[in-house]
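Position chain A with the ligands against the provided structure of chain U, taking the given hints into account.
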Amino acid sequence: MATAEYETHEHDVLIIGAGGAGLRAAIEAAAQGVSVGLVCKSLLGKAHTVMAEGGIAAALGNVWPEDTWQVHFRDTMRGGKMLNNWRMAQLHAQEAPDRVLELERWGALFDRTKDGLILQRDFGGHRYARLAHVGDRTGLEMIRTLQYHAIHQGIDVYMECKIERLIKDGDRVAGAFGYWRNTGKFVLFKAKAVVIATGGIGKAWKFTSNSWEYTGDGHSLALWAGADLIDMEFVQFHPTGMVWPPSVRGILVTEGVRGDGGTLKNSKGERFMFKYIPEFFRSETADTEAEADRWYEDKKNNRRTPDLLPRDEVARAINSELKAGRGSPHGGVFLDINTRRPADYVRKRLPSMYHQFKELADVDITREPMEVGPTCHYVMGGVRVDADTTAGTVKGLFAAGESAGGMHGSNRLGGNSLSDLLVFGRRAGLYAALYAKDFGGQLTVSSAEVESLARESLEPFSRSGGENPYAVQAALQDVMQNLVGLIRNQTELQDALVKIEGLKERANKVRVEGGRAYNPGWHTALDLRSLLTVAECSARAALERRESRGGHTREDYPQLDPEWAKVNVVLRLKNGSITGSREPLPQMPDDLRKLFEDRQ
Amino acid sequence: MATFTLQVFRGDATGGGFKDYRVDAEDGMVVLDLVHRIQATQAPDLACRWNCKAGKCGSCSAEVNGKPQLMCMTRMNLFEPGSTISIAPLRTFPIIRDLVTDVSYNYEKAKSVPPLRLRPPDADGKYRMWQEDIDRIQEFHNCIECFLCQDVCHVIRDHDEKKKAFAGPRLFIKIAGLDMHPLDNRDRRAFVKDSAGIGLCNITKCCTEVCPEHIHITDNGIIPMKERMADEFFDPVVWLLRKFRGQKATRTA
Ligand SMILES: Cc1cc2nc3c(=O)[nH]c(=O)nc-3n(C[C@H](O)[C@H](O)[C@H](O)COP(=O)(O)OP(=O)(O)OC[C@H]3O[C@@H](n4cnc5c(N)ncnc54)[C@H](O)[C@@H]3O)c2cc1C
Ligand code: SF4
Ligand code: SF4
Ligand code: FES
Chain U
1 MATAEYETHE HDVLIIGAGG AGLRAAIEAA AQGVSVGLVC KSLLGKAHTV MAEGGIAAAL
61 GNVWPEDTWQ VHFRDTMRGG KMLNNWRMAQ LHAQEAPDRV LELERWGALF DRTKDGLILQ
121 RDFGGHRYAR LAHVGDRTGL EMIRTLQYHA IHQGIDVYME CKIERLIKDG DRVAGAFGYW
181 RNTGKFVLFK AKAVVIATGG IGKAWKFTSN SWEYTGDGHS LALWAGADLI DMEFVQFHPT
241 GMVWPPSVRG ILVTEGVRGD GGTLKNSKGE RFMFKYIPEF FRSETADTEA EADRWYEDKK
301 NNRRTPDLLP RDEVARAINS ELKAGRGSPH GGVFLDINTR RPADYVRKRL PSMYHQFKEL
361 ADVDITREPM EVGPTCHYVM GGVRVDADTT AGTVKGLFAA GESAGGMHGS NRLGGNSLSD
421 LLVFGRRAGL YAALYAKDFG GQLTVSSAEV ESLARESLEP FSRSGGENPY AVQAALQDVM
481 QNLVGLIRNQ TELQDALVKI EGLKERANKV RVEGGRAYNP GWHTALDLRS LLTVAECSAR
541 AALERRESRG GHTREDYPQL DPEWAKVNVV LRLKNGSITG SREPLPQMPD DLRKLFEDRQ
Chain A
1001 MATFTLQVFR GDATGGGFKD YRVDAEDGMV VLDLVHRIQA TQAPDLACRW NCKAGKCGSC
1061 SAEVNGKPQL MCMTRMNLFE PGSTISIAPL RTFPIIRDLV TDVSYNYEKA KSVPPLRLRP
1121 PDADGKYRMW QEDIDRIQEF HNCIECFLCQ DVCHVIRDHD EKKKAFAGPR LFIKIAGLDM
1181 HPLDNRDRRA FVKDSAGIGL CNITKCCTEV CPEHIHITDN GIIPMKERMA DEFFDPVVWL
1241 LRKFRGQKAT RTA
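Protein sequence lines correspond, in order, to chains U and A. For what it's worth, the numbering used here labels the leading residue of the first sequence as 1, then goes sequentially. For what it's worth, the numbering used here labels the leading residue of the second sequence as 1001, then goes sequentially.
Same shape as in the complex, but just chain U:
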């Protein structure tokens, strides 16, 4: 059948995703001398990584020499409420400084200290000022540096190409199938190893800082290919998204605002965060405004402001203030940096926040407070990987970046994603290349399977009746926003799962108009499959975990439960349906465990 025609490319290592994780993986794999293909849905340099604002966490010790990998490790584990894969958190803290310095040698220009070294800024949950940054546009610097380094390494880049399905040969991954957005033509990539670096799932929610790309494709590709996902109940709602005007609701306001002196206030002008200091962080958090104010200037003798508690804590506090009727006019709370910092400081440190509010909301943040509220931002859960090699639970599959799970436990600290991308992106590229080199055998791909995938992808064109895919997408976003949001309970989660089933039915009937060339309606129809899959994963895992921890808050089980501290919720496909099970968390060795006893 002519419509099912496809072109074929072959690589040792195929990397799906060209954000920070995918680019770093590609650079490393190419350095191993294997042939590398790098695929992305958008143009090169437009991945989510470009939007990251605040910085990259790495214990460089340039501002606070006391900072070491051990302190960073401890902060990361505590921020994740100890559910992190300890080995990932350790490797991350140990290797992040080298990865940041490497970026500098590839041309990145971070803001400087007075002695010419990389400047570091404060962020939530980090004991010391630790984030290497460029104003509030760190992601731009990072992706450009990686992009311009990568284009000279002999990597084949396939832009605006979307992967629909992984292809297997027996129990091994053997490649991937997708289409070119420009033409709608199909393409098969044969590869010995595949790295998933596709980012997150936030487009399943209505108010989100995430773009159209975040439909959970990589999570779904892995699951459909038989791999395990973990921690999918943990979704980070960033405490500070824009709330007004409605068309920009959800767009991120960097935590750097608070790191650089911004304070949260309610409609009565109260600095409400002092009311919400949890026991877990009490000993390290200032309990008076005077101490919090002193901390900005003298970090040795004062404890940090509760405005910089980890994100889950701050998001829940804002939610409680809103429920109590102490919100701002447009349904957020106030974030005020203009009273502590002069206008030129704000413009220099936070230029893109200044620009964003001025242009999109007519608010001058050097004179008036911002209005902010929680927005869906990041998924902690992802493909279950081996900490050292990033290998998934299916042969030939690797994963890194936001699409991999484990590193951040139940809650990610700000700045720990960009460093995660570099550390595990590099490891993924390295171990995928080594795996490909070791693999001597032949891989065969069934052309009948590929043709059947192609025909399936074209179905929406030939349906009559049926609805517009955008309507189904919007309905799903409402379900997730209302029933699988910041605060969950059993009834609503069950309801969500029922509704998701109904939406799957509707998605199977959507109809698209027009041709195959650059047709966003068709693209949206195809994206629905992965979007619904990750929505279901998230709701299912959330129903399973009967406690509150990090990015998962159950009003019917409001406490941390020590029994749940010992397990991950693992999701896998069984006879076509997604099933959850509890599996033990890897155990931390004693020498690392000590780090948590010493400093309480």
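Chain U side only, calculated, beta carbon under 7 Å to chain A, not exhaustive: (1) V50; (2) N182; (3) S247; (4) G521.
The hints are simulated quantities; they were obtained by calculation from the structure and are not laboratory data. A quick note: this is a predicted structure, and the numbers were derived from the prediction, not measured. All residues carry an ideal CB built from backbone N, CA and C; glycine is no exception.
Chain A with the ligands only, in chain U's frame:
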């Protein structure tokens, strides 16, 4: 709320034309919101690019009422309520479909730019740089690769054949950023003159006017580079001095 008529270009390389859509705009909306609204309700197959919706990724470039700009940063309250607004794809690049153009020219040119060549580190193995020395280059690094400057530059806008010999304003500031980078010690003079075609630029400043990042492309990037070329091309000693003593010559002694 106000209602607008959006005249959106629909078509591809084989032809096409403007099509009218009546769309409502609410408080605070931008042009991109209205394009999304058309997709969701009237023309699901209307092709456009976007990602961040906050002026950070440079995906949503188009010519709105003839002016190249980011659709996500163009507020509807700039226009008279009820008015008609035209939205066309960037003219300088070959059309793919509707508002989407083939911008591969920019990516191909980028590959030709000789990359950073790292100088040796300081005696203790570290690299030091001073904020004053990198302020200017950080300005260039703000580029979101929206290619609006490339779109307006008359050297290539109406002269397809010149694309071969001309890198364009986006890449001029890329090259300038590398050349002024305190850690770089590569000589790009021949490249700038012969392959990037800086001589074709006659400083009309149209590029600077459309840059959504307000980068001073001409004043801080192109003009100093032209001056350096004039000074240094025939005098390698001047080039060497600048490269190896750098801007921070006063400090390192
Ligand atoms: C506004 C904002 C600000 C942030 N600020 C910070 C910060 O200051 N510090 C920090 O540490 N973190 C921050 N984060 C989080 C961080 O930016 C992301 O988690 C991180 O960039 C994800 O990187 P990645 O490489 O995993 O994926 P991405 O950068 O999202 O890249 C994913 C890639 O996969 C491709 N892709 C996806 N699906 C497919 C498919 N089916 N086929 C082909 N290609 C596909 C995409 O095209 C893209 O190239 C921020 C996030 C946002 C949204
Ligand atoms: S100043 Fe030069 S580069 Fe810029 S638009 Fe004019 S001719 Fe083109
Ligand atoms: S220099 Fe300005 S106009 Fe040109 S691509 Fe970069 S951001 Fe866009
Ligand atoms: S969508 Fe990113 S710049 Fe407009």
